[in-house]
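These protein sequence lines map, in sequence, to chains S and X. Under our numbering, the first residue of the first sequence is numbered -19, with each subsequent residue one higher. Under our numbering, the first residue of the second sequence is numbered 45, with each subsequent residue one higher.
Because the hints were derived from the structure by calculation, they are not lab data. Just so we're clear, the structure is a prediction, and the values are computed from it rather than from any experiment. Where a beta carbon is used, it is the ideal one built from N, C-alpha and C, also for glycine.
Reference excerpt, derived from the structure (chain S facing chain X, CB under 8 Å, subset only): (1) P84; (2) F87; (3) G88; (4) N89.
Here are the computed lysine to any residue pairs in the SDA-like style, where the Cα-Cα straight-line distance is at most 25 Å: (5) K145/X - R(-11)/S; (6) K86/X - K145/X; (7) K112/X - N143/X; (8) K24/S - R116/X; (9) K42/S - R2/S; (10) K24/S - V95/S; (11) K24/S - G39/S; (12) K45/X - A73/X; (13) K145/X - T118/X; (14) K24/S - L138/X; (15) K86/X - T131/X; (16) K145/X - I34/S; (17) K45/X - E20/S; (18) K86/X - R(-7)/S; (19) K45/X - G22/S; (20) K45/X - G39/S.
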Amino acid sequence: NAGVMQNPRHLVRRRGQEARLRCSPMKGHSHVYWYRQLPEEGLKFMVYLQKENIIDESGMPKERFSAEFPKEGPSILRIQQVVRGDSAAYFCASSPGTGGENSPLHFGNGTRLTVT
Amino acid sequence: KQEVTQIPAALSVPEGENLVLNCSFTDSAIYNLQWFRQDPGKGLTSLLLIQSSQREQTSGRLNASLDKSSGRSTLYIAASQPGDSATYLCAVVLNAGNNRKLIWGLGTSLAVNP
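With the sequences and hints as input, model every part of the structure.
Quick look at the structure:
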């Protein structure tokens, strides 16, 4: 059973370009969470999605950032017009649906975004 | 606003020592608490999850305790090994239900020297 798969592992973008980060949850998991880890800072919640729905986006910047989790395919975190401050590690986690509240979240290995 | 603090920020010990990592949180109304391990450049591995109604959880050489009323959790590592070197993170979940939003500490960076 494959774990949470994130790609790419490393992504380099110039200022002003777009970054697309992909996350495939564990098999059977229908809930996806995105977290950001800035250098020298802790992990911060960004967004929580279920299939085709954004449930909680309270941690996501209002501008330039968007997330989706379509019916088919991976979850995508999209950052438009990237700036140097977007450089960070972005982690995706997944969990089962109803009944999984006390099972641990499973994380991917992250995508390390560098904006030059 | 929930804040999670981990002490110490860094720890270096000789191999074989037993050690304790501390985590405190400001709001005792948590749903559960989870300890993770993060290796450099890698993802996060879940170590132990303690539900708010539990006092401790054990897995191998690891034991995590939770004192919800005082807002504290400890991770005890017995007979430490060089392979235990990593950053250890604790995180709390505030809400029951399916939103498993985690509030994180900054971690304790552990080095176990052979």
